[in-house]
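There are 4 protein chains.
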Amino acid sequence: MSEISGQPLSGKPAARVLVAGASGFTGALAAQIVWRHPRLELVAVTSRSEAGTRLDQLYPRYRVPLELTELDLDRIEEVDAAIVAYPHGAAAPTVAELRGLGALVVDLSADFRLGDLPTYERWYGEHGAPELLEGAVYGLTELHRDQLRDAELVATPGCYPTASLLALAPLAERGLVAETFISAAQGTSGYGRSSDDTVHFTSMTENAFPYKTEGHRHRPEIEQELAALGSPAPVTFVPHLLPLDQGEIATCFAVLSESLSKEEAQALYRERYENEPFIRVLDGPPDLRSVRDTNECHLYVTVEEHGRVIAFAAIDNIWKGASGQGVQNLNLMLGLDETEGLG
Amino acid sequence: MSEISGQPLSGKPAARVLVAGASGFTGALAAQIVWRHPRLELVAVTSRSEAGTRLDQLYPRYRVPLELTELDLDRIEEVDAAIVAYPHGAAAPTVAELRGLGALVVDLSADFRLGDLPTYERWYGEHGAPELLEGAVYGLTELHRDQLRDAELVATPGCYPTASLLALAPLAERGLVAETFISAAQGTSGYGRSSDDTVHFTSMTENAFPYKTEGHRHRPEIEQELAALGSPAPVTFVPHLLPLDQGEIATCFAVLSESLSKEEAQALYRERYENEPFIRVLDGPPDLRSVRDTNECHLYVTVEEHGRVIAFAAIDNIWKGASGQGVQNLNLMLGLDETEGLG
Amino acid sequence: MSEISGQPLSGKPAARVLVAGASGFTGALAAQIVWRHPRLELVAVTSRSEAGTRLDQLYPRYRVPLELTELDLDRIEEVDAAIVAYPHGAAAPTVAELRGLGALVVDLSADFRLGDLPTYERWYGEHGAPELLEGAVYGLTELHRDQLRDAELVATPGCYPTASLLALAPLAERGLVAETFISAAQGTSGYGRSSDDTVHFTSMTENAFPYKTEGHRHRPEIEQELAALGSPAPVTFVPHLLPLDQGEIATCFAVLSESLSKEEAQALYRERYENEPFIRVLDGPPDLRSVRDTNECHLYVTVEEHGRVIAFAAIDNIWKGASGQGVQNLNLMLGLDETEGLG
Amino acid sequence: MSEISGQPLSGKPAARVLVAGASGFTGALAAQIVWRHPRLELVAVTSRSEAGTRLDQLYPRYRVPLELTELDLDRIEEVDAAIVAYPHGAAAPTVAELRGLGALVVDLSADFRLGDLPTYERWYGEHGAPELLEGAVYGLTELHRDQLRDAELVATPGCYPTASLLALAPLAERGLVAETFISAAQGTSGYGRSSDDTVHFTSMTENAFPYKTEGHRHRPEIEQELAALGSPAPVTFVPHLLPLDQGEIATCFAVLSESLSKEEAQALYRERYENEPFIRVLDGPPDLRSVRDTNECHLYVTVEEHGRVIAFAAIDNIWKGASGQGVQNLNLMLGLDETEGLG
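Residue numbers (this note's numbering), protein chains in the order written: chain L, 389 to 731; chain Z, 389 to 731; chain Y, 389 to 731; chain B, 389 to 731.
Treat the hints with care, since some could be wrong.
[Claimed, not checked] Keeping only pairs whose Cα atoms sit at most 25 Å apart, straight-line, the calculated DSS-like set for lysine-lysine is:
| hint | chain 1 | residue 1 | chain 2 | residue 2 |
| --- | --- | --- | --- | --- |
| 1 | Y | Lys650 | B | Lys600 |
| 2 | Z | Lys600 | L | Lys650 |
| 3 | Y | Lys600 | B | Lys650 |
| 4 | L | Lys600 | Z | Lys650 |
[What the hints assert, rightly or not] Simulated DEER-style distance windows between Cβ atoms:
| hint | chain 1 | residue 1 | chain 2 | residue 2 | range |
| --- | --- | --- | --- | --- | --- |
| 5 | L | Thr727 | Z | Thr441 | 49 to 59 Å |
| 6 | Z | Thr441 | B | Gly618 | 36 to 46 Å |
| 7 | B | Thr507 | L | Asp585 | 27 to 37 Å |
| 8 | B | Asp585 | L | Glu458 | 18 to 28 Å |
I should point out that these hints are in silico values taken from the structure, not numbers from a laboratory.
Every residue, glycine too, gets a C-beta built ideally from N, C-alpha and C.
Please work from the sequences and hints to get the whole structure.
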């Protein structure tokens with residue numbers, strides 16, 4: 389194993405794929421998933437800050453034996469698709485260039501998630517490619533599968549909207565959600581690699597806390613999608629940081645416009661998701677270990693004595709909450725089986 | 389330090405104290421606090437399961453050099469006060485005996501927390517000493533201080549009600565809480581020492597999950613107290629378990645009957661708690677490390693865009709959420725300074 | 389995914405495999421590896437304590453949808469091979485029965501590791517099937533590959549001997565090891581599922597400690613094999629428990645009978661292991677995250693100023709230290725590619 | 389508690405103390421210990437990088453309500469003693485200035501630990517105040533207590549030498565240590581606050597690894613002191629990093645020049661340390677939780693079958709391994725009870 393082994397492809401690749409921004413947590417995972425994907429060829433991994441380093445030096449556990457390079461426009465012609473894992477705000481110009489060269493793009497940033505430009509500008513500042521907003525498809529696969537098959541630019545949702553919306557969608561689609569309160573929590577991989585003291589092991593062990601309590605940028609994303617599903621309800625949302633690496637739990641309280649029994653709610657969830665390959669509706673509350681390193685979302689719904697619904701979703705924040713869902717969408721865009729490479 | 393050193397008392401003790409059930413997490417901590425308390429003499433520590441073991445063998449970090457014994461009624465006469473750390477349901481008969489012998493009792497179980505006997509029986513089964521219910525005082529110190537000074541039997545609240553009620557009390561006292569949704573989370577010390585696989589390190593590391601999602605016994609306790617404070621609001625409550633030892637965070641969403649600005653809410657909290665020795669109202673969200681191994685409660689309140697209040701409380705679940713508050717109450721019952729031994 | 393899906397086999401299985409003792413950590417992992425193995429059919433998973441429970445209820449992350457049953461001798465005829473994950477001492481009788489029925493057996497216990505019966509009896513007590521000792525092959529694959537191809541009963545080594553011997557073998561094979569001192573440490577999965585307070589999350593977090601300091605049963609196993617390799621050196625060995633789930637590091641100090649430079653030592657290790665699929669000789673010290681959930685062993689060797697060798701090995705204690713190596717051996721016994729199902 | 393409370397002094401302070409470099413982990417802890425010390429007045433806390441921030445904003449759990457300032461020479465006259473918590477190499481010039489102004493200095497860096505200038509220069513580079521080397525006293529309290537009473541400049545030992553030397557001293561003092569091999573491990577607070585990805589929670593959880601395997605700067609410190617005690621033995625030393633915050637365990641193997649039985653060794657240790665207030669000789673192996681947040685060192689010694697000694701020491705790396713021992717030494721320098729403020 390001292391030699392760089394070739395990528396384990398089975399037959400001719402369906403697409404040659406670039407991962408831009410592969411030195412961060414989600415970019416590195418995207419590179420690994422593409423590397424092990426039987427139908428995708430990983431042609432380049434780029435990073436401004438870590439150019440010259442091999443990705444398996446930076447993330448030994450991912451075993452991707454490619455050197456990180458600066459993004460080089462001359463190579464772009466050879467690329468059929470790109471996964472862009474840049475910070476919010478920084479992605480749009482690169483996405484525009486890649487689209488200009490004809491590449492399919494899965495963007496993991498927030499830059500194309502909000503359809504409404506003023507809302508984007510309020511939370512993130514000026515937009516680097518507003519002309520692409522209209523054509524972008526919101527990449528929560530289970531809610532937008534048909535549009536994703538024809539998409540050329542996909543805005544992969546944040547991890548909090550992914551978990552929250554999967555937890556509420558069966559109710560929201562029937563127009564039942566009148567109000568919702570979401571308390572969500574994720575591990576430190578969601579805080580990003582550019583570490584400050586907050587995520588020093590010494591600070592995080594034996595710790596947990598809410599953050600961005602004065603308004604998190606994921607809230608408008610959740611409200612946008614709930615409204616699109618049929619329930620334009622106000623969302624109160626609080627994120628927390630937990631002393632673990634990968635994983636996210638969303639605990640969603642919903643006040644309904646019509647009452648449902650627990651049995652009705654549970655039947656509704658089972659029916660809604662029965663054919664979804666990555667969604668499991670459980671008989672009891674989900675836990676994070678069961679979804680770690682998978683693209684699955686585990687759900688549980690119950691109705692308490694006062695008639696309020698409590699819906700839980702557990703995901704791995706960098707898999708179904710970012711890179712795994714990104715590849716799930718790319719599979720659809722390329723006409724592949726949605727689960728390919730995500731087993 | 390190889391010799392058993394005497395208890396570090398300053399002067400004549402204000403009371404001779406027994407800790408019953410000292411082999412569990414909260415009982416052991418209660419024993420340690422009493423042991424180091426300058427005015428209390430720890431005369432015995434009892435345990436059925438661990439009788440014959442020295443407490444500092446079982447919990448080396450607590451350094452209490454006393455042998456655990458079976459509870460012996462003949463010694464009870466020499467005891468002025470007892471802290472009872474038995475499981476729910478098992479405490480009542482022992483509490484009754486101790487009261488019969490004239491000892492002041494701080495009970496850490498749920499047995500005397502619910503004033504309404506049918507409610508108790510619904511959640512816990514038959515009550516072992518219903519005749520004592522009426523005289524018991526609910527030991528959330530900051531809400532019932534005056535009654536606690538004269539109390540002979542105090543029911544120390546659970547950790548979830550302590551955090552949740554301190555987070556909501558300033559609003560509830562003004563009758564403002566119309567509805568509330570509470571998502572709370574605690575560390576594994578709250579799960580108890582009688583370990584099953586759930587709290588094996590192998591199961592808990594990198595994990596977190598909601599539990600008792602179909603109704604937690606602490607909910608009626610919270611509803612009882614909110615009503616007593618002036619806000620008979622329905623409470624929706626979900627607890628979670630976190631991969632840490634000591635600590636609890638309550639994230640409380642409240643819909644108000646009258647709107648408050650963020651500034652008004654924050655001023656209300658500061659004013660309400662300004663003279664409280666163990667309550668700190670912060671300028672931003674609390675974290676668990678800052679309250680670990682202390683009897684403090686750190687609070688933060690904000691009002692979000694849709695006018696809903698989010699109030700956070702962080703405590704150490706076995707200190708302010710159990711044994712620390714127990715001693716805080718015992719100090720009051722004995723006419724001592726409330727903070728003594730809890731510094 | 390709500391249906392139990394069939395096992396993902398490619399073509400006719402090479403063997404029908406039973407995993408006995410599948411409710412423990414190593415047995416459950418063995419069951420998972422066999423379940424996902426493209427050439428092995430998992431025909432039964434047994435457990436005395438958890439019979440009637442589905443394995444994916446007990447270990448959701450392993451996703452093996454089979455019910456645990458009591459070991460049933462009538463089914464044994466249909467089995468070609470068995471992996472036995474019983475406690476030390478309890479395995480021998482079952483192994484003997486399985487061998488009597490003609491099944492190939494990979495034993496994960498210590499029962500057939502020590503070739504010398506008196507040594508076994510000193511550390512473990514009476515032996516349940518001493519007549520099988522002579523034919524058993526010690527299953528440290530990289531040291532005994534040729535014998536393993538013809539073996540019918542394999543004693544998979546403990547995790548500590550696996551790591552320590554892989555770290556010392558290149559020197560031991562040349563008769564260079566005069567004395568060795570080994571400080572090794574593993575995570576809580578190595579402590580076993582039958583939890584006591586020692587591995588309660590509350591006890592282990594922020595903790596680490598040596599244990600079995602008066603003699604660990606793995607020491608004679610290491611001495612036996614070092615001698616067999618050509619270096620009958622005395623071994624001083626201490627294990628430690630760490631606050632993590634899976635992983636083990638062995639730090640081995642060796643005094644040599646002839647001096648070697650650092651370059652010579654490193655060249656020796658690279659050469660020795662260059663064709664080994666699961667061994668990686670690194671350019672710097674190994675870490676546990678890089679081997680987690682893999683069957684790999686990462687090694688590093690250096691020589692310090694006084695001429696002593698320090699050799700490090702990192703493995704996942706339940707993979708290469710138990711079940712992964714068990715399947716690696718079973719692959720050899722069945723004439724399959726050694727790496728099959730362990731990718 | 390919203391007001392800044394004054395320092396809890398009992399009577400006139402024995403010294404006015406400055407802590408320089410109080411934004412790092414050890415400096416902040418030193419500040420806290422001095423703040424709560426009944427006989428020391430904390431007059432200033434300094435930091436270049438965090439000047440202007442209050443220490444209790446940076447470290448809420450320490451509750452020291454002072455603002456960090458740049459080190460201001462004009463204030464130095466008012467200072468009787470200083471604890472300097474600067475990086476290695478950076479401390480010497482400031483120590484020299486403080487000494488020039490007459491202040492007693494406890495240095496927590498390595499700058500005055502090695503009596504031999506060339507050895508210092510080999511490991512750390514040029515020395516900033518070599519003229520002070522000769523007068524500096526090595527601050528391992530239990531080994532140099534008499535000199536410490538008269539010292540004006542104390543070089544507090546590193547955490548690894550503290551643990552290793554306390555573990556070996558009873559043997560070394562009798563000239564018995566012929567060779568020693570030390571495997572030690574500490575938590576992430578020992579890695580320092582200037583975090584890089586190595587100590588990101590995401591990197592450290594479920595991880596552990598050796599580091600500085602080609603020679604750690606603490607080795608010559610250990611060899612210097614063993615020789616001074618009477619055993620000029622070669623030391624082989626390897627440090628490891630563990631997924632915990634505070635704590636360090638040293639596992640020391642020693643080959644003796646004369647054989648000792650286990651009982652003799654254990655008696656020797658008990659006798660040597662029987663009057664030491666912070667040393668506990670245990671009957672079994674120590675653990676880290678029992679010394680966390682204390683200035684204690686827990687020791688255990690045993691002799692294995694081949695006659696080699698294994699001696700274990702557990703300390704809190706930032707207490708007895710740095711700031712706690714620093715204050716222990718300062719107490720001695722000031723003629724106070726050695727344990728004052730460290731209870």
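Status of the hints after comparison with the structure:
1. In summary, the hint linking Y:Lys650 to B:Lys600 is supported, as the alpha carbons are separated by about 15 Å, within the 25 Å threshold.
2. A threshold of 25 Å between alpha carbons decides the hint, and for Z:Lys600 with L:Lys650 the separation of about 15 Å falls inside it, so the pair holds.
3. For the proposed pair Y:Lys600 and B:Lys650, the alpha carbon gap of about 15 Å is at most 25 Å, so the pair holds.
4. Of the pairs offered as hints, the one joining L:Lys600 and Z:Lys650 holds, with about 15 Å between alpha carbons and a cut-off of 25 Å not exceeded.
5. For L:Thr727 paired with Z:Thr441, a C-beta distance near 54 Å keeps the hint of 49 to 59 Å intact.
6. For the pair Z:Thr441 and B:Gly618, the beta carbons lie near 41 Å from each other, so the given range of 36 to 46 Å is met.
7. Restraint check, B:Thr507 to L:Asp585: a C-beta distance of roughly 34 Å satisfies the suggested window 27 to 37 Å.
8. B:Asp585 and L:Glu458 have their C-beta atoms about 20 Å apart, which keeps the hinted 18 to 28 Å range intact.
Comparing the model with each numbered hint stated earlier shows that all of them hold.
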